[in-house]
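Asks: Sequence:
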Amino acid sequence: MKMPIDRLDATAGDPAPSSEPAPNLARRNLFKAAAAGAAAIPLARMAKAGGPAPQCAGREPHWRPGTEDQRMADLGNGSYLNPIVAGDHPDPAVLRDGDDYYMTFTPFTTSPGLVIWHSTDLVNWTPVATALHKPMGNIFAVNLCKHDDRYYIYLPTQQAGGDWSIFVITAEHIAGPWSDPVDLEIPGCIDPAHVVGEDGKRYLFVNGIRMIRLTDDGMATDGKLVHAYTPWQYPEDWVVEDFAPEGPKLLRRDGWFYLVSAVGGTAGPPTSHMVIVARSKSVHGPWENCPHNPIVRTRSAAEPWWSRGHATFVEAPAGDWWMIYHGYENGFRTLGRQTLLEPMTWTADGWPVATGGDLSRPLRKPAGGRSGPSGFALSDDFSTDRFGVQWSFHEPRPVEMQRVHRDGHGMLLAGAGTSPADSSPMTCCAGDRAYVVELTLEPSGHAEAGLLLFYNHKAFVGVGFTPDTIKTFEYAQELTWARIKRDNRRVRVRLTNDHNVVTFEYSHDDGHSWQLHTLRMEVSGIHHNVFGDFLSLKPGIYAAGEGTVRLIDFRYRAIKGNPLV
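Note that our numbering has the sequence shown beginning at 77, numbered continuously upward.
The set of hints was computed from the structure by calculation and includes no laboratory data. Possibly wrong hints are sitting among the right ones.
[Stated by the list, open to error] Mimicking DSS-like on lysine-lysine, the simulated pairs with C-alpha atoms at most 25 Å apart in a straight line are:
{"no.": "1", "residue 1": "Lys210", "residue 2": "Lys300"}
{"no.": "2", "residue 1": "Lys547", "residue 2": "Lys357"}
{"no.": "3", "residue 1": "Lys561", "residue 2": "Lys547"}
{"no.": "4", "residue 1": "Lys277", "residue 2": "Lys357"}
{"no.": "5", "residue 1": "Lys277", "residue 2": "Lys210"}
{"no.": "6", "residue 1": "Lys300", "residue 2": "Lys222"}
{"no.": "7", "residue 1": "Lys534", "residue 2": "Lys547"}
{"no.": "8", "residue 1": "Lys210", "residue 2": "Lys222"}
{"no.": "9", "residue 1": "Lys277", "residue 2": "Lys300"}
What you are looking at is a predicted structure, and each value in this text was computed from that prediction instead of being measured.
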């Protein structure tokens with residue numbers, strides 16, 4: 077299919093906003109409640125700044141094109157270039173299982189959710205399973221672990237505007253089937269981390285940093301939530317979002333328990349998030365802070381990756397050590413928090429040190445692994461009787477999947493709500509700086525449908541089609557003055573996102589000729605620091621109103637010939 081694309085002059089080095097609204101209040105309140113005891117840490121105990129020299133984002137990185145020309149981390153020459161999983165994949169939960177590695181991410185309010193990815197070399201990742209097929213509300217960072225030959229995912233969720241609690245699902249095989257969720261009844265907590273203590277008992281650490289003992293089967297609590305660790309405190313003059321101790325991860329090595337956590341806030345200023353470490357001979361403490369804290373931190377807005385944190389330590393096949401964590405891409409907060417891989421080493425006295433340096437440059441791949449598949453196609457011809465792993469509904473109702481049917485000529489999607497905002501759009505996660513998506517829509521009855529870039533109900537852009545009208549949505553508002561009367565019983569629509577500048581086109585002859593929409597939109601400000609919720613700007617399809625829309629031949633392609641792709 078011919079897609080003539082002219083590259084726009086845009087750069088990756090957009091400056092950070094000079095002032096930013098407060099982050100998501102629900103998350104902040106959780107941290108305030110958890111950290112009440114830590115708030116009184118005297119400034120005299122603050123450690124000195126440390127870590128590697130700042131990185132430079134001045135060079136334009138060159139990724140290897142993969143499926144659909146999506147950027148691929150593995151450069152094919154023994155090196156890789158971050159991100160290892162592009163697009164909105166925050167809070168990576170990583171499990172090593174023999175020669176295999178598995179990873180999943182925060183799904184937030186999307187469903188189906190908790191896609192599990194697989195790798196054998198820590199660089200090339202591809203989806204292998206989906207653990208949750210029914211909506212559970214809003215889900216934050218999860219923990220993926222294996223104990224006594226059984227897999228567990230501990231997940232914090234907030235249902236129907238209520239309090240947070242931590243649930244658990246289990247499976248005999250990583251591919252499932254996964255059990256129905258069980259509520260552990262740990263109120264007001266997020267970011268669980270499973271560990272087996274020196275006493276053989278199982279524990280969960282949560283934000284705060286607090287801990288609670290589990291029963292031997294890991295399916296219930298066996299004690300009370302208690303304070304576990306008072307986190308290392310950064311200097312007062314560092315520019316961060318909030319103290320917000322979160323994301324604990326635990327590792328046992330050479331007789332020590334290493335507690336890896338994050339402070340500084342997961343968004344806000346580019347220099348906010350960071351990785352800190354403490355160790356102890358017992359999960360009950362006392363904990364000794366790493367003299368190299370923070371071992372990961374974005375120190376300048378000129379660096380290629382912002383707000384880096386929420387790390388897991390993982391041993392590669394040949395015995396070398398690595399960190400997997402998330403970060404925002406400089407100039408592309410719209411893509412959400414992406415998954416990064418950085419080498420690390422251990423000092424002679426047993427402390428971790430990051431060794432990646434400038435993450436805008438290629439790094440040597442982990443030793444000893446087998447290169448496997450990388451990523452997957454976002455395109456979907458809707459010809460098979462399945463709901464593709466690339467798709468999820470935004471804030472779905474329990475009956476959302478009942479909207480989906482097939483008739484052999486595409487996917488039939490029943491309308492819901494009255495506009496993109498309340499229609500629970502079907503979205504996929506793009507990880508490229510510049511890309512094109514297009515599909516054919518056939519609205520029937522009193523339905524309308526369209527192609528969007530969707531963040532949440534407060535922030536989206538797109539074009540919509542009723543059987544006789546073209547609508548334009550700019551920053552979540554329909555521009556009623558821009559309505560165009562046109563027969564839209566079958567229309568192919570194209571969306572080009574070129575470095576956050578969005579162009580729409582549509583065709584009424586199956587793509588033989590195209591009409592350029594008169595409005596272009598700039599979307600670089602649609603991200604968490606403006607609209608909250610910790611989400612990303614995703615290609616989406618909506619169907620609203622009374623009626624049904626047939627979806628035909630969805631295509632995704634990163635823009636070729638672009639030096640940044």
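Asks: Taking the hints in turn, state whether each one holds.
Replies: Okay, the hints, checked on the actual structure:
1. Lys210 / Lys300: violated, 30 Å
2. Lys547 / Lys357: The hint is violated at about 63 Å.
3. Lys561 / Lys547: holds, 9 Å
4. Lys277 / Lys357: With Cα atoms ~15 Å apart, Lys277 and Lys357 stay inside 25 Å; holds.
5. Lys277 / Lys210: violated, 31 Å
6. Lys300 / Lys222: Measuring from Cα to Cα gives roughly 23 Å; hence the hint holds.
7. Lys534 / Lys547: Holds: Lys534 and Lys547 sit about 17 Å apart, inside 25 Å.
8. Lys210 / Lys222: holds, 23 Å
9. Lys277 / Lys300: holds, 14 Å
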